[in-house]
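Residue numbers (this note's numbering), protein chains in the order written: chain A, 957 to 1091; chain B, 957 to 1091; chain C, 957 to 1091; chain D, 957 to 1091.
None of these hints come from the bench; they were simulated from the model.
Where a beta carbon is used, it is the ideal one built from N, C-alpha and C, also for glycine.
Wrong hints could be hidden among the right ones.
Stated by the list, open to error - Keeping only pairs whose Cα atoms sit at most 27 Å apart, straight-line, the calculated DSS-like set for lysine-lysine is: (1) LYS1061(D) to LYS1043(C); (2) LYS1061(B) to LYS1022(A); (3) LYS966(B) to LYS964(C); (4) LYS1043(C) to LYS1061(C); (5) LYS1084(A) to LYS966(D); (6) LYS1057(C) to LYS1043(D); (7) LYS1061(B) to LYS1022(B).
What the hints assert, rightly or not - Here are the in silico distance ranges between beta carbons for each label pair: (8) MET1075(A) to ASP1055(B): 22 to 28 Å; (9) SER1077(D) to GLU1030(C): 47 to 53 Å; (10) TYR959(D) to ARG1026(A): 25 to 31 Å; (11) GLU1030(C) to LYS1061(B): 26 to 32 Å.
To be verified - Selected chain A positions facing chain B (Cβ under 10 Å, derived; list incomplete): (12) TYR959; (13) GLY976; (14) ASN979; (15) GLN984; (16) HIS985; (17) VAL1013; (18) ARG1016; (19) ILE1017; (20) THR1018; (21) LYS1022; (22) GLU1038.
One-letter residues, chain by chain:
Protein chains: 4
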Amino acid sequence: MTYDFELKMKVRDYECDLQGIVNNANYQHYTEHCRHEFLLSHDISFSAMHEQGIDAVVARITIDYKVPLRSGDEFAVRLRLERDGIKYVFFQDIYRLADEKLVAKARVDTVCMLNGRLMKSCPELDAKLQDILSR
Amino acid sequence: MTYDFELKMKVRDYECDLQGIVNNANYQHYTEHCRHEFLLSHDISFSAMHEQGIDAVVARITIDYKVPLRSGDEFAVRLRLERDGIKYVFFQDIYRLADEKLVAKARVDTVCMLNGRLMKSCPELDAKLQDILSR
Amino acid sequence: MTYDFELKMKVRDYECDLQGIVNNANYQHYTEHCRHEFLLSHDISFSAMHEQGIDAVVARITIDYKVPLRSGDEFAVRLRLERDGIKYVFFQDIYRLADEKLVAKARVDTVCMLNGRLMKSCPELDAKLQDILSR
Amino acid sequence: MTYDFELKMKVRDYECDLQGIVNNANYQHYTEHCRHEFLLSHDISFSAMHEQGIDAVVARITIDYKVPLRSGDEFAVRLRLERDGIKYVFFQDIYRLADEKLVAKARVDTVCMLNGRLMKSCPELDAKLQDILSR
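This is chain A alone, in the form it adopts within the complex:
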């Protein structure tokens, strides 16, 4: 897969649970942070959008867990964005940097809401991500 964005991060020990591996929910945090940084890199602020009444929300998430991350691991979250009807679909794969092993594969279907109502399209995303979405 060709990715549109990459964010490098490092495991923080408090993200590990009593099994000594990163707790499952934290991978979801990693993908969220990566999406928001991707949006920021295209001059789209998640929190500024929220203040204008527009919220990009996750409608569905699927995560396949392959290999767990552990204390000290460095990793990259790589992201590819595609449009599917009213959905903005983020394909996000997490790789452990030491050996490029695939850690987790996520598919995140998001939609935009305007003051709580589903939008067919989000003008700000469409304008600023035009190159990617028209691909």
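Got chain A; can you put chains B, C and D on it based on the hints?
Same frame as chain A, now just chains B, C and D:
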């Protein structure tokens, strides 16, 4: 769906993010806590299993987000367990208690590992959850 | 100490870190949730106050950690509120329920802000917590 | 204050709560991650120590909150270590990088435990942090 277990909980304000709703990753926490309480109700301790070298791990999770939970909301996580090959599949639905509205639907595929190796079956789960798994 | 409020909770496994004990920061979450439930029990909503531009914020927190909580532990957070100048000071002690052992002692100094400005007093807290604050 | 270590980080949106600012408990996470990175920079692994039965634990934490961090903020956690009797005391200050504003001041008193028993001194820390501790 007929459920095998229910856990009632209440939103904690720190679980809400800047959109004023419970952050997506916390629903995953809710489902995890519900699974562990379900196991405990059948005398299976997740942390005791870990100390014996057996870890039940999530191989795949899918969550459909329907309606967000907010500050003050009380909710129930309802769980049904089914066996599918080597997988123990948890169907977990979250309902808002005030109006029984469906908040989120999760399917959590778990497998058991013995000292890091995939097990075809987990004897402890099979023994203690026999009634449910042989249904 | 005589307490004004008690909230009973149970450790959730995801709150434990790789040391197998509840991560330190989660005790702060427990005290926050207890404060908000205490306020709600006096008909004060933290999130509703926020929407009116009033934020109760923590100016200083001190936590003494005595005995760690572990997977499966049930505990109570007990709270006493006192006024000290412009500060609303919450004394919050956490006890393990199995043996009433003191787990942690916290002192949380909070102040109220109106649209980002420090308030000398918060009328809503003063009115609804009059019995406690005038003690 | 002269610092022994600095870790630069950026707010992740999921760390913000419904007040739109970083939730108080997350500053504690930031200080923990900074301490562990500091230790790693001196070749001391928190998780490896744990596997040898030695746990550095927090006995007391005090945090003064000055200015809240918000979505998008970059910040540095700066750390100074001092010895005080059996305690290893970490002074940790968080600064917002855009304007070097002091965000929070923390003092974290830690002690070492060997298989659950308080140690008068932790040989590994003493050896590897000799330059700092003998200052």
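Status of the hints after comparison with the structure:
Between LYS1061(D) and LYS1043(C) the alpha-carbon distance is near 19 Å, which keeps this suggested pair within the 27 Å criterion. Taking the CA atoms of LYS1061(B) and LYS1022(A), the gap is near 22 Å; set against the 27 Å cutoff, the hint holds. For a cut-off of 27 Å, the pair hint linking LYS966(B) to LYS964(C) stands: about 12 Å separates their Cα positions. Between LYS1043(C) and LYS1061(C) the CA atoms are separated by roughly 19 Å; this keeps the pair inside 27 Å, and the hint holds.
Taking the CA atoms of LYS1084(A) and LYS966(D), the gap is near 23 Å; set against the 27 Å cutoff, the hint holds. Of the pairs offered as hints, the one joining LYS1057(C) and LYS1043(D) holds, with about 23 Å between alpha carbons and a cut-off of 27 Å not exceeded. Of the pairs offered as hints, the one joining LYS1061(B) and LYS1022(B) holds, with about 8 Å between alpha carbons and a cut-off of 27 Å not exceeded. Our hint of 22 to 28 Å for MET1075(A) and ASP1055(B) holds, since their Cβ atoms are close to 25 Å apart.
For SER1077(D) paired with GLU1030(C), a C-beta distance near 35 Å fails the hint of 47 to 53 Å. For the hinted restraint 25 to 31 Å between TYR959(D) and ARG1026(A), the CB-CB distance of approximately 29 Å keeps it satisfied. In this structure the supplied range 26 to 32 Å holds for GLU1030(C) paired with LYS1061(B), their Cβ-Cβ distance being about 30 Å. Violation of the interface hint for TYR959(A) is found here, the shortest Cβ-Cβ separation to chain B being roughly 22 Å, above the 10 Å cut-off.
Of the supplied interface hints, the one on GLY976(A) holds, with its beta-carbon coming within about 9 Å of a beta-carbon of chain B, less than 10 Å. For ASN979(A), the interface hint holds, since its Cβ comes within 10 Å of a Cβ in chain B; the closest pair sits about 8 Å apart. The interface hint given for GLN984(A) holds, since its Cβ lies 4 Å from the closest Cβ of chain B, which is under the 10 Å cut-off. Checking HIS985(A) against chain B by beta carbon gives a least distance of about 5 Å; that is within 10 Å, so the hint holds.
Taking 10 Å as the C-beta contact cut-off toward chain B, the hint placing VAL1013(A) at the interface holds, the least distance being around 7 Å. At a threshold of 10 Å, the smallest CB-CB gap from ARG1016(A) to chain B is about 5 Å, leaving the interface hint in force. The closest approach between the C-beta of ILE1017(A) and any C-beta of chain B is roughly 5 Å, which is under the 10 Å cut-off, so the hint is satisfied. With a least beta-carbon distance of about 4 Å to chain B, the hint placing THR1018(A) at the interface is held under the 10 Å criterion.
Proximity of LYS1022(A) to chain B holds as hinted, the smallest CB-CB distance being about 9 Å (cut-off 10 Å). Interface restraint check: GLU1038(A) against chain B, minimum CB-CB distance 18 Å, threshold 10 Å, status violated.
Of the numbered hints listed earlier, those contradicted by the structure are 9, 12, 22.
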